[in-house]
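Q: Spelled out from the first residue to the last, the chains are:
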Amino acid sequence: MARYVLLGLALLASAAVYLLPNLGAKWEFVLALRATRLAGLVLVGIAIAVATVLFQTVARNRILTPQIMGLDALFIFLQTALVAGLGPIGFAALSSQARFGLEVALLIGAALLLFGTLLGRGAQDVPRMILTGVILGVLFRSLSGFLARVMDPNAFVIVQAEVAASFSRVNAGLLPVAALATLAVVGLALWLAPRLDVLALGRPAAVSLGLAHDRLVLIVLALVAVLVAVATALVGPLSFLGLLVAALARPFAGTDRHLPVLISAMMLAALMLVAGQTLFERALGQQSTLPAVVEFAGGLVFLFLLLRGRIR
Amino acid sequence: MNRPALLLALLLVPLAGASLGVGVASLSGDGLVFWVSRLPRTLAVMLTGAALAVAGVVMQQLVRNRFVEPGTTGTGEAAALGLLTVTLIAPGAALWVKMLAATAAGLLGTAAFLALIRRLPPQEVLLVPIAGLVWSGVLGAMVLHIGWQTDLLQLVGIWLMTGEFSGVIAGRYELLWLAGLAAALAIFAADRFAILGLGDGVARGLGLNPRSVMRLGMVVVALVTALVMATVGMVPFIGLVVPNIVSRVMGDNLRASLPVTALGGAALLLACDILGRLVIHPYEIPVSAVLGVCGSALFLWLLWRAPRHG
Amino acid sequence: MIKVTDLSHRIGPAPILSDVSLSLPAGKITALIGPNGAGKSTLLSLIARLTPLQHGQITVAGLDVARTPSAALAKVMAILPQNASVHSRLRVRDLVAFGRWPHHQGRPGPEDRAMVAAAITRMGLDALADRFLDALSGGQRQRAHLAMAFAQGTEWLLLDEPLAALDMAHARRLMQELAALRDAGKSVVLVLHEVNYAAAWADHVVAMQNGRIVAEGPPAEVFTPAVLEPLYDMPLRVETYAGRPLVLNHL
Chain X
1 MARYVLLGLA LLASAAVYLL PNLGAKWEFV LALRATRLAG LVLVGIAIAV ATVLFQTVAR
61 NRILTPQIMG LDALFIFLQT ALVAGLGPIG FAALSSQARF GLEVALLIGA ALLLFGTLLG
121 RGAQDVPRMI LTGVILGVLF RSLSGFLARV MDPNAFVIVQ AEVAASFSRV NAGLLPVAAL
181 ATLAVVGLAL WLAPRLDVLA LGRPAAVSLG LAHDRLVLIV LALVAVLVAV ATALVGPLSF
241 LGLLVAALAR PFAGTDRHLP VLISAMMLAA LMLVAGQTLF ERALGQQSTL PAVVEFAGGL
301 VFLFLLLRGR IR
Chain B
1 MNRPALLLAL LLVPLAGASL GVGVASLSGD GLVFWVSRLP RTLAVMLTGA ALAVAGVVMQ
61 QLVRNRFVEP GTTGTGEAAA LGLLTVTLIA PGAALWVKML AATAAGLLGT AAFLALIRRL
121 PPQEVLLVPI AGLVWSGVLG AMVLHIGWQT DLLQLVGIWL MTGEFSGVIA GRYELLWLAG
181 LAAALAIFAA DRFAILGLGD GVARGLGLNP RSVMRLGMVV VALVTALVMA TVGMVPFIGL
241 VVPNIVSRVM GDNLRASLPV TALGGAALLL ACDILGRLVI HPYEIPVSAV LGVCGSALFL
301 WLLWRAPRHG
Chain G
1 MIKVTDLSHR IGPAPILSDV SLSLPAGKIT ALIGPNGAGK STLLSLIARL TPLQHGQITV
61 AGLDVARTPS AALAKVMAIL PQNASVHSRL RVRDLVAFGR WPHHQGRPGP EDRAMVAAAI
121 TRMGLDALAD RFLDALSGGQ RQRAHLAMAF AQGTEWLLLD EPLAALDMAH ARRLMQELAA
181 LRDAGKSVVL VLHEVNYAAA WADHVVAMQN GRIVAEGPPA EVFTPAVLEP LYDMPLRVET
241 YAGRPLVLNH L
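Protein chains in written order, with this note's numbering: chain X, 1 to 312; chain B, 1 to 310; chain G, 1 to 251.
No wet-lab data here; the hints were simulated from the structure. Mixed in with the good hints, there may be bad ones.
[Stated by the list, open to error] What the simulated footprint calls covered on chain X by chain B, stretch by stretch (three residues with Cβ under 8 Å from a Cβ of chain B suffice, anywhere in the stretch; the number is not a length):
1) 138 to 150
2) 247 to 253
3) 300 to 308
[Said to hold, decoys possible] Derived DEER-like restraints, expressed as beta-carbon distance ranges:
4) B:Trp-304 - X:Gly-85: 24 to 32 Å
5) G:Arg-173 - B:Ser-212: 54 to 62 Å
6) G:His-250 - X:Arg-60: 36 to 44 Å
7) B:Leu-100 - G:Lys-3: 45 to 53 Å
8) G:Asp-64 - X:Phe-304: 41 to 49 Å
9) X:Thr-255 - G:Arg-67: 55 to 63 Å
Just so it is clear, CB atoms sit at the ideal spot from N, CA and C, and this is done for glycine as well.
Could you build all of it, start to finish, from the sequences and the hints given here?
A: So this is what it looks like as structure tokens:
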């Protein structure tokens, strides 16, 4: 228990360091700006952490993330396709919440269709499944790029604005609805945690224990889709954070049971993002390098864990 | 010449003809467009495709894993890092110095990757491509970061992301002949790579030094990757898709299959380049974008078309 | 003759072989036996220069394994490592043909092709010759690797557990083929787990335990309860059948 308290304190401390110093004369404005970003970072951390842990359970593999399997690329492709399909005017007519809702719905549908089949059919052939996911990621990224190039310039500008979210440009308009969605999904995931423990035993064991295995897989995939949509819409794609956090959370929690692992992963991810952003924004005076550093450090730690035989 | 090779060679002729014919400017007149632009571009595309496909096979033999290519093992990113370093330290350095630095860095990156995966449990086939992706991600993040800090992001972006041939004119692509030469060397040493693919024990048992074959392979991979990256930018998927298709059809007796792989790489890249010139004519789509779509679709089709064995 | 002098080997801190000296006769079938972890496979792979020598000396047919170029050794001895597995998509014929590489370095002649065909027939693989390895069963694949070692046409043949994946018909056939090779003047060294194959077919037996040689000699001398019981740490009986020892280890 003590370590969770420590982790929580560290999170609070880094949040305070991020929010409070050098507020200046226009403190209300600055504080609001920072609070928005902070909320974005915490939300993204939670969403990515939970999405990764859930996805790894469903895929029965510790080195997969929804991002590696191309889910964020699929989301960006859907965003692009939506602009192309509705046209600049039709797209602009929708509010940003409505757009987000539409995109999430599309992503859930596509993810269930794609990964439901993939995990169902390809479960015996894991290499093929992973390779399919990785290649699908490339396909969706390329398709987005392709669409962006052939669509008319006005639409392209909209896509740019829609897709160009980053750590320094958290998509603030979406925060309320994203927070709501994340909260609901995370609550559901925590409630499902005991069942996820059974799910992790594998299909035969889970079925013989009376779990509605296939339905639960689909539900979990839908939850993952929502979370990935939230994270990607808020700050854009981030491939290694989830991997890193999930890999650290299991040793931290000292167990593979989902409830502690999910909670540790969420806290670790939020801490990593907030502390990282604080460090870069305050200490180093840079704003847009955190994703690069997360990729860099996350990748290195992942390779280290891989070599130590900690990831299987 | 075996049958697949003959078929591909026959396919390559009309493709090359089309590539020579397609373009905004008319070919009539003194032939300047032809000699300065069309012919160099066609040659550059074919050389790049062939060299990358061969480099892909070599990489797969070095690692004994089908799911890798030089673009997913850190070679390209490391080469970009080397090129970037030289560009920053000595902006006026001669071209061959830059190429040497890029190749050396590519070699280092590949060697580090090989050292890395040697320590992974051998039965976990999947960890290899994933470790490769992470490793290239790490190096890529470094390149992007340095590029961003030094305002060279645009250059880096071209190297790492958008390989294309629209800028190829006579005098600006000739380094690719060197890449083609490296690929030819690999074809010449095909048996050695095939034996290396059988395992270190078998190679040693047959009197071959696995280390020296490995070094040769790494040089070929690094050279091809560095030259292609610096001349036209990274072109994804050729090194992954073509070798896998050829292996499925013909198996891995490289002496027979490597020339086919080279021809296949040339043909696929040429087809994609022509497509990129036609889709939004008179504008162009970079070949890497076309390839990202066609290549991945092709790969998925391959992957799911037939059962894994047989 | 293979001559091993003062051979010691460690993997990390663990001693695998300690002061092993022995000579293996030419023109015979020699079986290395012993419990798991005795050091048999390590000894074989040191002889085959698959593992670099740490301490001691090994000569094969008068050639110092540490000094002779690997390519020259490949014309003298062929090795089949344990669990040889290939991830390349090769046809059986392609794999076997690589056995001739040491002799032609990439330019096979008619003699090489004849040797390959003979090796394929020897292992009963004619019907499978044009199949891909990944479409074969484990035992069939094992036979393809054996055929590759045969095709190498060397004076010495080193086989690490060649019977591992074979059914009993193919196991006996392999031993018959090895005996035929021996009768043609070749020398065979193999690691065997099934002691009765060693008892029935070997001319010379080397028993190992904890990295040392504990017994050496013709089967009739080594296959006695006095040697085998402490070696495998189990009680057993040895009968004689058709003039050869028969170990009743399974009763």
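Q: Against this structure, judge whether each hint is valid.
A: Okay, the hints, checked on the actual structure:
1. 138 to 150: This one holds; 9 residues, not fewer than the three required, reach chain B with a Cβ under 8 Å.
2. 247 to 253: violated (count 0)
3. 300 to 308: With 5 residues closer than 8 Å to chain B, the segment 300 to 308 of chain X meets the three-residue bar; holds.
4. B:Trp-304 - X:Gly-85: 24 to 32 Å: Once the Cβ atoms are compared, 27 Å apart, the range 24 to 32 Å for X:Gly-85 and B:Trp-304 holds.
5. G:Arg-173 - B:Ser-212: 54 to 62 Å: violated, 38 Å
6. G:His-250 - X:Arg-60: 36 to 44 Å: holds, 39 Å
7. B:Leu-100 - G:Lys-3: 45 to 53 Å: holds, 49 Å
8. G:Asp-64 - X:Phe-304: 41 to 49 Å: holds, 42 Å
9. X:Thr-255 - G:Arg-67: 55 to 63 Å: holds, 56 Å
In summary, the numbered hints that this structure violates are 2 and 5.
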